[in-house]
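K.L.:
Protein chains in written order, with the numbering used here: chain A, 250 to 556; chain B, 250 to 556; chain C, 250 to 556; chain D, 250 to 556.
Wrong hints could be hidden among the right ones.
Said to hold, decoys possible - Going by beta-carbon spacing under 8 Å, a handful of chain C positions derived as facing chain D:
#	residue
1	Thr353
2	Val498
3	Leu501
4	Ala515
5	Phe519
6	Thr532
7	Val533
8	Ser556
Since the hints were derived computationally from the structure, they do not count as laboratory data.
As the structure is a computational prediction, the values presented were derived from the model and not from experiment.
Built from N, CA and C at the ideal position, the CB exists for glycine as well.
Number of protein chains: 4
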Amino acid sequence: MPPARYTYLGPAGTFTEAALRTLPVAAEAELLPHATVAAALDAVRAGEVDGAVVALENSIEGAVSATLDELATGEPLQVRCEVLLAIRFALLVRPGTELAAVATVAGHSHAQPQCKRWLAANLPQARWEAAASNADAARQVAAGAFDAALAGAFAAERYGLTVLAEPVNDVTHAITRFVLVTRPGPSPAPTGVDRTSLVVFIGDDHPGALLELLTEFAVRGVNLTRIESRPTGSGLGRYCFSVDCEGHVQDLRVGEALSALHRISADVRFLGSYPRADGLAPTVRPGTTDAEFREAADWLRRLRATS
Amino acid sequence: MPPARYTYLGPAGTFTEAALRTLPVAAEAELLPHATVAAALDAVRAGEVDGAVVALENSIEGAVSATLDELATGEPLQVRCEVLLAIRFALLVRPGTELAAVATVAGHSHAQPQCKRWLAANLPQARWEAAASNADAARQVAAGAFDAALAGAFAAERYGLTVLAEPVNDVTHAITRFVLVTRPGPSPAPTGVDRTSLVVFIGDDHPGALLELLTEFAVRGVNLTRIESRPTGSGLGRYCFSVDCEGHVQDLRVGEALSALHRISADVRFLGSYPRADGLAPTVRPGTTDAEFREAADWLRRLRATS
Amino acid sequence: MPPARYTYLGPAGTFTEAALRTLPVAAEAELLPHATVAAALDAVRAGEVDGAVVALENSIEGAVSATLDELATGEPLQVRCEVLLAIRFALLVRPGTELAAVATVAGHSHAQPQCKRWLAANLPQARWEAAASNADAARQVAAGAFDAALAGAFAAERYGLTVLAEPVNDVTHAITRFVLVTRPGPSPAPTGVDRTSLVVFIGDDHPGALLELLTEFAVRGVNLTRIESRPTGSGLGRYCFSVDCEGHVQDLRVGEALSALHRISADVRFLGSYPRADGLAPTVRPGTTDAEFREAADWLRRLRATS
Amino acid sequence: MPPARYTYLGPAGTFTEAALRTLPVAAEAELLPHATVAAALDAVRAGEVDGAVVALENSIEGAVSATLDELATGEPLQVRCEVLLAIRFALLVRPGTELAAVATVAGHSHAQPQCKRWLAANLPQARWEAAASNADAARQVAAGAFDAALAGAFAAERYGLTVLAEPVNDVTHAITRFVLVTRPGPSPAPTGVDRTSLVVFIGDDHPGALLELLTEFAVRGVNLTRIESRPTGSGLGRYCFSVDCEGHVQDLRVGEALSALHRISADVRFLGSYPRADGLAPTVRPGTTDAEFREAADWLRRLRATS
């Protein structure tokens, strides 16, 4: 049997690659980069790879909107698990370069704001140069185009660079959430500490649409952990909402909420139920546990049968 | 087989008796009065009669709170159908009495406010006397205790009185809603133009309880046609809400709403689903028809089976 | 200066009279009964009396709907204070009557359900007779028409009766809320533990009207303590809501809520702000105190001035 | 007087520069690029330039999150006007290059997904190369690093390239919204067709926070046109919401909503009220016009003065 193959947003040396490498499945697998999130996900759809790791939230590399939009359209895909990665930026230079000699610093456009204060304090004269990705910045430093790159320390070895300082990011607890995406299939069993991702397409764009959507969740005690509105170019409507909520599609409160959204929206795309990487158990409001949903359904069944 | 027996809030000659007489089942049945709503309903519970007609809304005879409270507690009862009766008051006197000779007018305490302007214009000097019911006022007029009674014209014959003027109520479109109550049993089949009555007991009396209750209906597109808060002396909580909503317990949107209320409240008492007497078809919001509920449940079933 | 004059729902000996007598203003005043709530309130409107005490909630004597409807229409009136009265029923008989000799018991139709269990246990054979009021039942017992009356013990002396048993009500903590109503004028100053009463007329009767009304209160942290829907015969609409809420019209959160209701409804009738008799201080949600409202208004004023 | 100076997200040739050039103020001004949104906005804060144009919504160049985060923190800035720009991508090549000779295509990572179908149909063999921006891709094509760039046609002249095909984007109605940002100052006067931008910081991160925020707008009839949740590294809380709504801060319904958000949140940062570029007039719900707010305030003032 050939080894499994997984892809990530490249080039080699990105935080996305680092996230993929934390997964047990990556240990024996072939890992290969794709130049765009779209290309990585299309490779999954085409069956060329078994899965792709992409950033979903708080991205450093600008892939979030792209990820959301790519998951919302095209052949369905499914999130299997999530990885939380603390983002630590290092200043990478060619061996021998000293701080005083750094006149240009390159990195993804999202890297600079995160290291702004460090750069102002330590490299006030250095000129900023945007690169396609942090790894690409490292590659260009190796090629001599710039003096230093903002990237993960793990990128140093790959490009023959050294870590001059680390961490250099101002906010030290920045965390990016990555997900492993595969073709659709059975979800991991509920663990009690799960998350569900979905996309809700608003058919008829009216002012109260978001409030209605939130109410369907709230009334059934399902807490949201992320929501973003995204424009959609399709014929389904002008907006969709990308949503993460607590719980698993097999949880009764989550199922009834999804079912309600299916009724009142143009379309609901299920993106997966999977264990939460942060281990935060949901607060299930009284009246919304599985046992209570089941008991209420029984009560209604008896009521309909006898009266 | 003995004839069916039905009771009503007496004495003979009340609007409640008139409401009962509009029902086809009353034609061949034995009709008998009870002195209180409680006694009438207890007679149903005890199997002494087949059913009772009591006022539920807009009452003329003050029975509404009593009806709501009696239905909310004790052995369960069930509403089978409703009767709308336009309330027309007549001024009943002993044969031969002329308007100029009327010095006292009696009736139930709810009758006077409804005929206030007519009395001020036509009998400005007459003294008002409260009676236990309009029919009782008529009885007392016949006995010579007062000169005139405010009651339905149909009470005249029974007490040997004449109608001196009719209608004498200021608001000419007053309508009272009566219901026929029996022991629990299968509801009439859905007609598409139904009403459902229930009582929701709030276990934990907090400020947002009513808003939560309304939201459970609203989110599923179930419109309320009546809601009243009632204090409750039982151990279940301090308040209950007496509610009428559009639709039938067999309607999926109604069933899910009832089931939700069962989950989040201390108790839900189902009082019956039955055809609306006013024939007003419900406005079923897009996304909440039976077909849409069924399709959404199928979608969720497939989703859970495959992902 | 002539003594003040106050009226109450008569006849003499009702719980309403007992409530009035608990007020300091009643000590030196002339107290006189009216036969109906409407008549009592009209006497206030006409200036014939200085005020009237009427039952507003949990009534024993059936006056509640009448009170709500009378306050909602006609010349405006204002609630000045409230009285909570624990309802204790006594069984009144003519001196010398023993329990075994009681064949008929009379009282207001609302009295019987409250004493149902006691009557079943102690007077299982006695026939119930509805009277226009409990006091009227006592009067009729004195006149020999019935054997016993359900009424307050204070009615015994007035009608020359004796208390055979007390309390005879099944629910021992029944409380009725009465209010003192006068012609409009300055409200009592805020005490921090106040209640505000109002009537909201729904111009355009649509399913979501009640939910909208509740949301206007909830969003500003104003808790309701009572709400009832009442039909209205006027041209303003088909329904009105009679509402009591926590707080005083001078409280900023209450003022903004009232103002909002005024905007979105056909009409708002202010019925008064007055101290709560139960002394329950409101729970004012963070963000809705007067200080926070004031600070936010200042912030907005500065924002509009400078940007 | 020296000419005004405006900056934009560079390098020269970006869509952001094109957006800036549509503004009348740009005609006589000096326009200069900055390498990051952060740098552009800091230049405004430092007074080095009079304003900056940055993408706020639907960005092609990945600047949106950066813009939102930069506006939400640091010294306050203010949006003065907005520009809507239809995004048309062209395929830029060195003069003489034919389609058959294009082996590599470069552009910002957001450009590729938008031109995916065109590329698959016309350049199925070409390799994709991510660049820091579309303009940077064009620069690198001019330098011979790649064969073709995805960029606006206006970038061709600046880099000495030719347009080989246009448009090449699959979705033909992609529109990006840019804003002109300056230091704080008086807003443009209300036009009746305005938009207001703000950031709401959630102090206490609880499940219902977003629903509460939306309700404050909804209850006052203020429609949102965009909402996004953004993580915040500051001590104010873990989340903030970036919001655009209909209307102007001087509109009474908008002012009351902002004031309410100020009360219930950790902080509200006002980002400006300005005319909508799309000219879509708001739908102002009955009960929420300025006239109705004013009338309700007068009513409350009279009520408080007299009762």
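K.L.:
State for each hint whether it applies.
P.N.:
Status of each hint after checking the structure:
no.	hint	in the structure
1	Thr353	violated, 48 Å
2	Val498	holds, 6 Å
3	Leu501	violated, 10 Å
4	Ala515	violated, 11 Å
5	Phe519	holds, 6 Å
6	Thr532	violated, 15 Å
7	Val533	violated, 12 Å
8	Ser556	holds, 6 Å
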